[in-house]
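Peer 1: What follows is the residue order along each chain.
2 protein chains.
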Amino acid sequence: MPAQLLSQPNPPPDASQLPGVLGVLKIMLDLNVLSSDELKDIQDFRRAANFIAAAMIFLKDNVLVERNITHNDIKNRLLGHWGTCPGLTLIYAHLNRLILKNDLEALLIVGPGHGAPGILSCLWLEDSLSAFIPQYSRDKVGLTRLISGFSTPGGFPSHINAETPGSIHEGGELGYALSVAFGAVMDNPNLIVACVVGDGEAETGPTATAWHGYKYIDPAESGAVIPIVHVNGFKISERTIYGTMDDLEICSLFSGYGYQVRFVEDLNNIDQDMAASLDWAFSEIKKIQSAARTGQPVLKARWPVLILRTPKGWTGPKSIHGEYIEGSFHSHQVPLPKAKVDADELNALQAWLDSYNISELIDIPTGTPFKNILRFVPSTPEKRLGQSNKANGDYNTLITPDWEPLAAEKGTQESCMKSIGKFLLEVIKGNPNTFRIFSPDELVSNKLDAVFNETGRNFQWDSAARAQGGRVIEILSEHTCQGMMQGYTLTGRTALFPSYEAFLGIVHTMMVQYSKFVKIASPGFCLSSPTSTHLYPQAHETKWRKDIGSLNYVETSTWARQEHNGFSHQNPSFIGAVLNLKPALARVYLPPDSNCFLSTIAHCLRAKNYINLMVGSKQPTPVWLSPKEANAHCIAGASIWKFASTDEGINPDVVLVGIGVELTFEVIAAAALLRKEVPALRVRVVNVTDLMILGPEKSHPHALMDSDFVSIFTKDRVVQFNYHGYPNELRGLLFGRPRTDRMHISGYNEEGTTTTPFIMMLSNGVSRFDVAAAAVRGGALVNEKVAVDAHIKIGVFMHRAQKAKDYAFEHGQGWFFLLIFVLPRT
Amino acid sequence: MPAQLLSQPNPPPDASQLPGVLGVLKIMLDLNVLSSDELKDIQDFRRAANFIAAAMIFLKDNVLVERNITHNDIKNRLLGHWGTCPGLTLIYAHLNRLILKNDLEALLIVGPGHGAPGILSCLWLEDSLSAFIPQYSRDKVGLTRLISGFSTPGGFPSHINAETPGSIHEGGELGYALSVAFGAVMDNPNLIVACVVGDGEAETGPTATAWHGYKYIDPAESGAVIPIVHVNGFKISERTIYGTMDDLEICSLFSGYGYQVRFVEDLNNIDQDMAASLDWAFSEIKKIQSAARTGQPVLKARWPVLILRTPKGWTGPKSIHGEYIEGSFHSHQVPLPKAKVDADELNALQAWLDSYNISELIDIPTGTPFKNILRFVPSTPEKRLGQSNKANGDYNTLITPDWEPLAAEKGTQESCMKSIGKFLLEVIKGNPNTFRIFSPDELVSNKLDAVFNETGRNFQWDSAARAQGGRVIEILSEHTCQGMMQGYTLTGRTALFPSYEAFLGIVHTMMVQYSKFVKIASPGFCLSSPTSTHLYPQAHETKWRKDIGSLNYVETSTWARQEHNGFSHQNPSFIGAVLNLKPALARVYLPPDSNCFLSTIAHCLRAKNYINLMVGSKQPTPVWLSPKEANAHCIAGASIWKFASTDEGINPDVVLVGIGVELTFEVIAAAALLRKEVPALRVRVVNVTDLMILGPEKSHPHALMDSDFVSIFTKDRVVQFNYHGYPNELRGLLFGRPRTDRMHISGYNEEGTTTTPFIMMLSNGVSRFDVAAAAVRGGALVNEKVAVDAHIKIGVFMHRAQKAKDYAFEHGQGWFFLLIFVLPRT
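From first to last, the protein sequence lines are chains X and Z. Note that the first sequence ends on residue 867 in this note's numbering; no numbers are left out. Note that the second sequence ends on residue 867 in this note's numbering; no numbers are left out.
The set of hints was computed from the structure by calculation and includes no laboratory data. None of the hints are false.
Which copy? The list can't say, so a pair holds if one copy fits it or any two copies do.
Derived BS3-like pairs (lysine-lysine); straight-line CA-CA distance at most 25 Å:
{"no.": "1", "residue 1": "Lys459", "residue 2": "Lys379"}
{"no.": "2", "residue 1": "Lys341", "residue 2": "Lys67"}
{"no.": "3", "residue 1": "Lys142", "residue 2": "Lys328"}
{"no.": "4", "residue 1": "Lys683", "residue 2": "Lys451"}
{"no.": "5", "residue 1": "Lys683", "residue 2": "Lys756"}
{"no.": "6", "residue 1": "Lys459", "residue 2": "Lys470"}
{"no.": "7", "residue 1": "Lys381", "residue 2": "Lys359"}
Sequences are here, hints too, so could you generate the full structure?
Peer 2: Structure follows, in structure tokens:
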């Protein structure tokens, strides 16, 4: 009886009777897959793991309960989340069996990252902790350290993080485990990633759409995820949505998402249930993969999902002070919160810990687990969940092609995105299995579609397209793209995330969470950060984590050219998100033309461990620099642009700085205007392509020394910055540089609608006229010839600005950007 | 035959045969609800609307095609999204019928906001444009302006926004229409909100979980949403997920979410289909509502959802240059993009527009619609979708209780959250139907649970709790909470969104989008912003939009006291998000104690049109100020705290500034240390509670004049800021203030893990020892007595910092914050 049709009183049909049709079927299985020995041993493993997890939350001493527990044995502060732990140890124990039986390569991604005790206890039992952090040896000393140190300074933190061997996901900000799991299996055809999704996390939007992730997994080229929804029914104080859904609702929902649904919920026989369910899930996966790998892919393959229903805090205390604990929200965190001071709670803790009979499982004198409980721990270390090479760094160096052959000729016009589209095409050719593009907006819309000359969109559900593989994932969910990119990158590959500028902020906090993971994973790297001071809180070295690729974001369709889509499409705030990261990790580039963009993206794709943000235009814009000049400019991060300056920028009255494609264009146009209208004014034009050079000395590895800063920006002249982003963040960067009182910053000022590109410039005060007026104002302070009629010139520029706007309003359209085309004067 | 069970070959059972069970049923209906006259009239309305929508995208002249179209008649730039328009006009036409038939109060929320032409054409036809923007009269002049002005400066923008009468949602950043709709119907028992969700938007996470929104709607107290998923199958260049899902998948999915599913897809009979479907949906809603309102609520009520399947760009050109347009992604935006220059495309446009036979629908000489097509337009203006009072401002003034009776006694300790919990309890009592709390984290966890003395969690799906009403929505989806709050607020009520600090950034971009809507809705308000310069791009006055409540965020469980949950729970970036908004809208408060928090929240809940962010602690912390002092301090925004300063802060050597609860505590502790250790140093302690006072003169309505700034911060003394947020954003704010070179800013520096509260302070360089050392360094510049052994004192402080950390690491725990308790010296 393989499946049961819900809502039907009569015997259900076999699933195979519904060919090509997705039914609402509850999968039924025989539950006799474990021998009685196996059953005992797997139960013993779980029992030991549950004991250790519970002890970690409570005990600072007497960790194996060799004598009765006293209040003194209890930690001063009780921290940890017990509720989810017994479910995690159940899953862990059975994954070991699945791995061993099938010689699998596997990872476990844990959405409820606060269930760290449940995972750490299993890692200790399989001896994966000491493999990387020697003090956690699989003996009494190591176990004592693990238990008494947990959630205290110097011990493991309360949540899974990069210090946890085998983890590639923290699970602190809920919602992303599933998409990370999908990213990890891509191009890893033999990898199985089990992914635990808590029923709290299941309420989040990012998870709710990540269920569609399988529609982007080609079983011929990628591995598979076994999603396990852990429905224990409660959050901190309230029931969960999934906890109130009945079988039929859950079965319908997941059938609609495209899954086959198996409930794991036989509490009297949970190990047989879980073993049979994982066997079933794996066999379904193998069927789908085999079909695809023999050229007979299943259309709309129905992958397995497990719904695990166990009581919250299972095996914990049933009740205390007349309140239920097990099976209720009271077991979410610390079930006996007053154990340190309350005698009843202490007694309940003693009874609880005794109930595991730990002396049957661990040799108390030595602290070594008895052999039988390790029966299913894979003997090959790297097959253990904590020691997989996939999790701990297995970086595939990206082969980056030479970009100079793709460069545009100086003096022409070219779209940055079209240029890098051609470059990405070459990257894909050179790295057919280790590079992907995750794109919430369509590549066509961002003018990156050159890649489709070599590859396709990997959308399996489109039966018309019959996608077979393909490097491009297009799903209108920034969260899914980000999660997939994280999973793909943390397992050693390289990815790119192009986006409309305004909508990249949707993953702001995900990116920050990821950066925290990377910071912990590369402590030496971050400790060497120039802003580091002292007293880092991190407990463990993680040198065993190897390098990974960078997260690479390309922002395009920026506010400066979203005049057609209007105000909602105008938001450059992601720059600020990156600026707030640890400086050692963060890079922000605003290449001024397509050659600089090529140079930048080639650099970023090669670079390791960073978060790279590149901002540019998809419209054709002037190519200011030759490939060689572009390279030099990008290495410097900022240069004086002699061709646009008065006397090549020597001895200026005023410095005009462009940052960003369109904003730089306006600066160059302003300089041209000034040459004509105010010839006495000596203008220096500077472009900044690497934003990080601007911050104070030592604030960032790229930050210029003050002496270099002064040689570009002078020591006392007015500097007018025409900046693509929000002015406040640039002000923050410049704070601390010499004489900031002479610096004026214009940028995106939250003004916009559907209008013309030039009105976007005008209404944010960053047009050539605004820049020219500011230049005159600044130059007049030091140049008498300019000062004499400065107010008239400023009036003229402001009048022209008004005229430009009036023209657009009167004629229902505007000048379409250029007005003056300023060719490089080389 | 009311319903069809999918996946069964035999005649399906009646739905009523499955009592209490949710089946996968496809709702079947009789399709003869419109008389032939009605059918013709509703089709004519749609035909006219489609013509106008198409004309808006293309024509600058000859807008009623009174002569053959020439290239000159075509706009210079073609902007607009045709693909979704015919679906929107279909929905609009039939909603009118539903309103008229049932005398409904209704709103329409349009997820695909780029379908503005489809909505604006209907608004013009029903004469809702001229009601607010007189130039769009329902005559030839008005129609010409509408068509030729669309997507040009001075005309309507390409997306629905606050200039669009009847709208409360822009739909630019996709994902939020549905949650906004749920928020709008709450406590509006007679309101029906039809909500169009495009199949692109349906891919987003926020939408994917918003389907659960009905589980939080009590039909006794709230109205209902009619969700309409518009599956036209394509995005810009790719199929959508929903477009590739078959009936069974979609039916299963929505049944799982808890809905009854009706497909509207009979293209040969679409008007009968839509009319019958809306009648059915409304009757199902009435059944559920009646049951609940007569005390017999349906358990797990199954609300209706409509799946509208029509071809993309329906009624548009079938093909051009051998490529399909209608029914393909080519019709997503402008179907004939070269109509201005290509003769074939021009001819195709002529044929397309002619196909509507506009002269049958509108009297060409006058531009007036013929009466028959307006048959279903409600005669009462405010019943029209464009003129509902609910959309255009219907603000219910919140009655705010006096907070002073709830104040804590100065010198005691109190949790800010516990205090405001009591206040919110009173707010709920005083405003039983116009105030709600939307909470992604549980109120218990944020210590706001005092409100449960008066009200409950409104979670209908919890059959055990049998929730009946309740002011609190707890769903672990920040996106859903934010969307619901927006819908609730924009329809005239007041809401509060408490959150863990780290996770509020999840709705960063949603909040920015909302602020853009409010900016456009309150142009005078924003124009008066002190940073305003010139040349605003907005086309239309929107004075007809009335005041609304503020969006009110309370951030708690901040990084400073998330030492137990660790690094992933430490992220104060939402402050920066608010700082980048239009200054006239943005308010950021960091009240230093519970009395100040009470004063602040009372102010914020009363204030209108703002985005208010309040940041505070849930732990008990010292109460520094009496209620009267707290009020004065909050009005000032910043004060010298004489009780903590040397000689009441007169003539200081150095100024120490605390911003935020814990950071201020460390400043006060530092001042106490200094009094003892460096008695010669004259310290002034300042607290800033209103961040906006710091920005340069006129940068914000609250910004201090430079003279006032100097009187608090001195003109030349070193100022050490101990700031709760990221230092860069504070640097940006202070930039431009006198002599910033003497200002030093410490703040959250991305250092953290599971540790002690004091190590959090130490590792971010904001502990009392850091502040004291900085004070000595600064004071030594002006005070010889301090200078003489400054380096020794600094060494002592740094040594103590190291000792504090060593202690925590050695003992597996730390000082739990206070160390020195500094009572106000009054």
